Structure formats: C-alpha cells, structure tokens
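Novice: Chains as they are written, first to last, in this note's numbering: chain H, 1 to 272; chain R, 1001 to 1297.
Treat the hints with care, as some may be off.
Stated by the list, open to error - In silico lysine to aspartate or glutamate, EDC-like type, Cα no more than 20 angstroms apart, as pairs: (1) H/K110 x H/E66; (2) H/K160 x R/D1126; (3) R/K1194 x H/D229; (4) R/K1194 x H/E156; (5) H/K160 x R/D1065; (6) R/K1200 x H/E245; (7) H/K160 x R/E1066; (8) R/K1188 x H/E98; (9) H/K160 x H/E147; (10) H/K161 x R/E1066; (11) R/K1204 x H/D229; (12) H/K241 x H/D229; (13) R/K1234 x H/E147; (14) H/K15 x H/D42; (15) R/K1188 x H/E66; (16) R/K1200 x H/E66; (17) R/K1097 x H/E151; (18) H/K265 x R/D1126; (19) H/K161 x R/D1126; (20) R/K1097 x H/E260; (21) R/K1204 x R/D1144; (22) R/K1200 x H/D229; (23) H/K161 x R/D1273; (24) H/K271 x H/D202; (25) R/K1200 x H/E156; (26) R/K1194 x H/E151; (27) H/K265 x R/D1123; (28) H/K265 x R/E1093; (29) R/K1204 x H/E156; (30) R/K1097 x R/D1087; (31) H/K271 x R/E1187.
Since the hints were derived computationally from the structure, they do not count as laboratory data. Predicted model only: the values in this text are computed from it and were never measured.
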Amino acid sequence: MPDLNGRTIEAGAFKSVGFIGGIYSNYLALGKALELLKGRVDTVVALGDFGAFGPHPDRTLEILREREIAAIRGNYEEALAAGADDCRCGYTNPRDNEFAQLSYDYTKAKTSREHVEWMGSLPAHIRLSIAGKRILLCHGSPRRVNEFLWESATPEPFIKKMLDDHETDLIVCTHTGLHWSRFIAPGRGVVNVGALGRPANDGTPRVWTAVIEEKEGAPAVRFLPVEYDFERLAREMESEKLPPEFIETIRTGWWTTCLEMLPAKERAAGKF
Amino acid sequence: MEASAELINTEQRYPFSPLFALDTLWLQVAGTLCNLRCTHCFISCSPTNHSHEMMSLEDVRRYLDEARQMGVKEYYFTGGEPFMNKDLFAMIELALKQGPVSILTNGLLITSKTAARLKSLSDASDYSLELRVSLDGYDAETHDAVRGLGTFEKTLKGVLNLAAAGLNPVITAVEVNDDLGARQGREKFLACLKSIGLTKPRLKILPTLRLGAEINRTRAYESWESLRGRELTKDESLALQCSSCRIATSNGVYVCPLLIDSPQARLGETLQDSLRPFELKHQACFTCHATGFSCRT
Ligand code: SF4
Ligand code: SF4
Ligand SMILES: [Fe+2]
Chain H
1 MPDLNGRTIE AGAFKSVGFI GGIYSNYLAL GKALELLKGR VDTVVALGDF GAFGPHPDRT
61 LEILREREIA AIRGNYEEAL AAGADDCRCG YTNPRDNEFA QLSYDYTKAK TSREHVEWMG
121 SLPAHIRLSI AGKRILLCHG SPRRVNEFLW ESATPEPFIK KMLDDHETDL IVCTHTGLHW
181 SRFIAPGRGV VNVGALGRPA NDGTPRVWTA VIEEKEGAPA VRFLPVEYDF ERLAREMESE
241 KLPPEFIETI RTGWWTTCLE MLPAKERAAG KF
Chain R
1001 MEASAELINT EQRYPFSPLF ALDTLWLQVA GTLCNLRCTH CFISCSPTNH SHEMMSLEDV
1061 RRYLDEARQM GVKEYYFTGG EPFMNKDLFA MIELALKQGP VSILTNGLLI TSKTAARLKS
1121 LSDASDYSLE LRVSLDGYDA ETHDAVRGLG TFEKTLKGVL NLAAAGLNPV ITAVEVNDDL
1181 GARQGREKFL ACLKSIGLTK PRLKILPTLR LGAEINRTRA YESWESLRGR ELTKDESLAL
1241 QCSSCRIATS NGVYVCPLLI DSPQARLGET LQDSLRPFEL KHQACFTCHA TGFSCRT
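Construct all of the structure, not just a fragment, from the sequences and the given hints.
Specialist: Written out as structure tokens, the structure is:
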C-alpha cells in the first residue's frame, strides 16, 4: 500500500455520502448542513478543520461528537492535538499569518481538553467506495495535510499521478475553502468539498456542502449551498472580539484575508 | 586506509536533498539573456551572457511531454527575460494545456498588445496564468539603483498594461531594502501598488542571494555559511524547493533555478535523468535552509 502519513480507516461501501469541509467553528452552518443531508445520504463525514475563524469552538465539537459524525483530522486538529503554537495552515504571507495566529490562539484557549484528546484520536484518512470506485478522503491532499488543491492549479496529469500513487479512483479533500471538482474519467478525479465555515468568496453569505452518489454507474458530486443565520454568527463573533475582517467575510461573502494563497483565477473571482 | 577515507568523508559530508515528487518544472526559456543587467541578479544575466541560450519551442515541447507523463503540477518560465524569446506565446499556450504557468519577467517588454495576448491565453485555459513582475522598491530611486536608470517607470508601465488587460500580476521584490520583509514595509509597498491602480495588489518578497552579480553589490557568502555536517529532518528537506522541483535549460536539467551556473548542479539531459537526490554543497543552499525561502509564488 502507498505510504500515507497517519492512520487510515477502511469504511466499506456506500450508496451516497455527504461531506463537511472546513467548519471553522461555524456551528450554525453545521447544524443546517446536517439537517439538509438528513435522510438524503447514507452517512456524513467531516474532513477536518473544525475550529478557527468563528466563535465558541466547543459548540461545533459537541455537535460532531453527539451525532457521531465520522471524521478525519485536518491541520487544525493536528496542531491542537500536538499542542503546537500555530495552526500549520501553510500560509506564506505575514498578514495572513497574523490573522491565522489570532484565530488559532482564540480556538486553542477555548477548546476543552477532552475535545482536543478526541482530535488526537482521529484518523488522517478514510477509504470507502461508491459505485465500485475507490474513494480516498483526506484534508489537504493525500500526501500532505496542509497542501492546497485549488481548481486552477490542480491539473489533470498531476491528478492522474496522485490517483496512481495512492491507489484510488477519487480523492475528496477540503482545506482551501473553495469547492470544485475535476474528473479525468467517469468516477476518477478530485473533489474539493469547499467549506462550511466561511462563504466561497462569491459575494453571498451562503456556505457549501457536497454529496457524492452514484450516477450512471460512477460516483458523481453535487455541491449544495447551505443558507444559515449568518447574522447571528457575525454578532457572536463581535461579542467574542474576533477580527472585524473575519466578520465582514461572514456578512458579505467576500474573503478579506488569506488572499495571497489564491492562484490568479481564484483571486480574480473575488472582490479583494 | 578504509578508516581514514571514512573520516575524511564525514568531515566533508553535506546533507542530500531527495526529490519527493517532481511538482514544479522550471523552464529557463530565455537562458541567461536579458535586456537588463541588474546588480543583484543571482545568475548575472545580461544582453551578452550566453552561458544558457534561449530554449527552442522544440526543447520546451520535449520537456513538457516528459513532464506530463510524470504528473508535474505547475510550470515556471524564467530567464533572463522570457519575453525576449520569440516563441514565448506558443510555449505558454502549450504549457497551459497541461497545468498552471507562472512567468517571471521584468515587465519591460509588456506592451498593451502583449498584455491582451496574455489575457486571451489565460482565458482559454482552465489553469491559472501568473505574471510575476520584479519591482525592487516603491520608488524609482531604490528600484533604479539595482535595475538601471529609468527601469522603474518602464516596469510600472508593463504592470499597468497587465492590469488594464485584466491580469493581476504578482509583484516580486528582492529584499534589497531591509524593511521589506517586515510587516510595515510590506504594507507600505502594498499601499503604493494600490495607489498606482492595482485594486487587488499581490506581493512576494524574496531574500537576496549572495550569488552572481549580487556578490559585487554586497558580499559573497562567508565560509561558515554552508550546510556542511548538517543533517536535515524530513520536514526540513520538504521545505527546500529542490525536494519538489527541477529546471530545464538549453544545456540540460539542473537541480533548481538558483544553481544553473554550477556544473555540479546539472543532473542530466532529460527529466528522468535528474531525479536522484542532490548533495547540498552549495552555499546558496544555506540561504534556502536558513530562510525557508522558495522561488515559487
Ligand atoms: S534580475 Fe531579472 S531582470 Fe535583472 S538581469 Fe537578472 S534576469 Fe534580468
Ligand atoms: S540552492 Fe536551495 S533549492 Fe537549490 S539545491 Fe540548494 S537548497 Fe536546494
Ligand atoms: Fe486546513
């Protein structure tokens, strides 16, 4: 088997699976997404980054654990479980890192120890199958928890190599906050499920979840918008004294931070 | 005999950088030929430096074919000045069929017509086309001091032509001024870019490398500035650009863009020839390791 860093769980075959990308403490959107997916899919998997950005990190963790949502760990969970000093988000610009540090320090201080221990017990990857195709779930990429897979920078030849290297047909990931998919053949490719935690830099406050299910004999993806009470989240972020830049994003749907990581096409699509 | 040979080896040993995956392929499309002669150029490019010649479209096509088979993730075109290569547009078009492309340029040759052509190449691809323009300061005085009189204005013109065409270049600044790396220097630079009309300014700061012309501008490496005797952890290795890149030039494949003047860094004729681990004997390797710097955007 290929060398994947960290524990991998084999979960078996499913007809349809719902995916939760980065939640970033947006427990209100999480509640809505789970409602939306209820009865529609066999199971739901959360792909990591439960904390950061939003308020009251424990509320998200309570929902995930009470409802026994299957989960893998993201860079946030790795960092918290290791007691690290920063979130290992992989940003390269000092302004992005300052914001990342603010939310990490807040999240670290507000996450109960018991939840942090649970994070440490999560697998790094899950393998399952839909319509006979092998599917590998990871946070950033199969090889690195904090690798960014952007739509305009994840080309077909590279996808083919990743699928071969990791003996899978489909890779499902998050970490970038933008949802997209690229298939090189029916049921073979990459799906980035985007994020529940913050809008997709499209000028609307909605966030996104994804369903993968059989269509014409192969797994196919549908991205579902999630409408939630963003005004309430924004007010809670204000009372927690989280950065105004973050709150603006929640209200307007435009990213105001972490912009320097975006490739040209993704950057051009946003306002800032 | 055995024992003493081993002793010498231990003393002389440098860490090796294994290639974990060939993600980034650099193409030295303009060789070492440039319309400028910057005093900090780490490979001393100039109108008359022929150490590496312009690459032909055929050269580029061959490496792109090989790269596609190997699952390369991204392409960088550099020189010298890429826009001096008459086949550059054909090369960009070819590369954009199989992945995202970044072009490193001094911006001098980017007319509004060139910018419009670039924009249509970008629009025709699913992958990002990045233009990285070097600007070494936010005023003519600092910039022209390293790049030559009048170049600030000309580069700015190129940048504005790109912006007018709807392309948003990444401005690359080498840290010739000490405050640039700090948050304040950065913010000041970004504000300046906004004031000239870039609504979403993008900035990358690079450290200076004590190589090529830069040796005369400031100083060469000191003898202690090397990785001799060091061992690198996996994370430290992964942080080095050479763990995921190679560069093709008219003279073959080298380990990384910094070392194309170093014969020891030439790893072969084809990409396949160049996959072996590289011994980090060069003093530039010290900068990479110490600053965590990468030439990638
Ligand atoms: S730094 Fe760039 S623009 Fe200046 S001489 Fe070197 S290649 Fe040319
Ligand atoms: S100069 Fe940097 S990138 Fe090049 S071989 Fe040395 S360490 Fe690697
Ligand atoms: Fe992440």
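Novice: All hints, please: hold or fail.
Specialist: Status of each hint after checking the structure:
no., hint, result
1, H/K110 x H/E66, "holds, 19 angstroms"
2, H/K160 x R/D1126, "holds, 17 angstroms"
3, R/K1194 x H/D229, "violated, 34 angstroms"
4, R/K1194 x H/E156, "violated, 35 angstroms"
5, H/K160 x R/D1065, "holds, 15 angstroms"
6, R/K1200 x H/E245, "holds, 16 angstroms"
7, H/K160 x R/E1066, "holds, 14 angstroms"
8, R/K1188 x H/E98, "holds, 17 angstroms"
9, H/K160 x H/E147, "holds, 17 angstroms"
10, H/K161 x R/E1066, "holds, 13 angstroms"
11, R/K1204 x H/D229, "violated, 37 angstroms"
12, H/K241 x H/D229, "holds, 19 angstroms"
13, R/K1234 x H/E147, "holds, 16 angstroms"
14, H/K15 x H/D42, "holds, 7 angstroms"
15, R/K1188 x H/E66, "violated, 48 angstroms"
16, R/K1200 x H/E66, "violated, 43 angstroms"
17, R/K1097 x H/E151, "holds, 14 angstroms"
18, H/K265 x R/D1126, "holds, 9 angstroms"
19, H/K161 x R/D1126, "holds, 19 angstroms"
20, R/K1097 x H/E260, "violated, 24 angstroms"
21, R/K1204 x R/D1144, "holds, 19 angstroms"
22, R/K1200 x H/D229, "violated, 30 angstroms"
23, H/K161 x R/D1273, "holds, 19 angstroms"
24, H/K271 x H/D202, "holds, 8 angstroms"
25, R/K1200 x H/E156, "violated, 29 angstroms"
26, R/K1194 x H/E151, "violated, 27 angstroms"
27, H/K265 x R/D1123, "holds, 9 angstroms"
28, H/K265 x R/E1093, "holds, 16 angstroms"
29, R/K1204 x H/E156, "violated, 27 angstroms"
30, R/K1097 x R/D1087, "holds, 16 angstroms"
31, H/K271 x R/E1187, "holds, 19 angstroms"
In terms of the numbered hints stated before, the structure departs from hints 3, 4, 11, 15, 16, 20, 22, 25, 26, 29, listed from lowest to highest.
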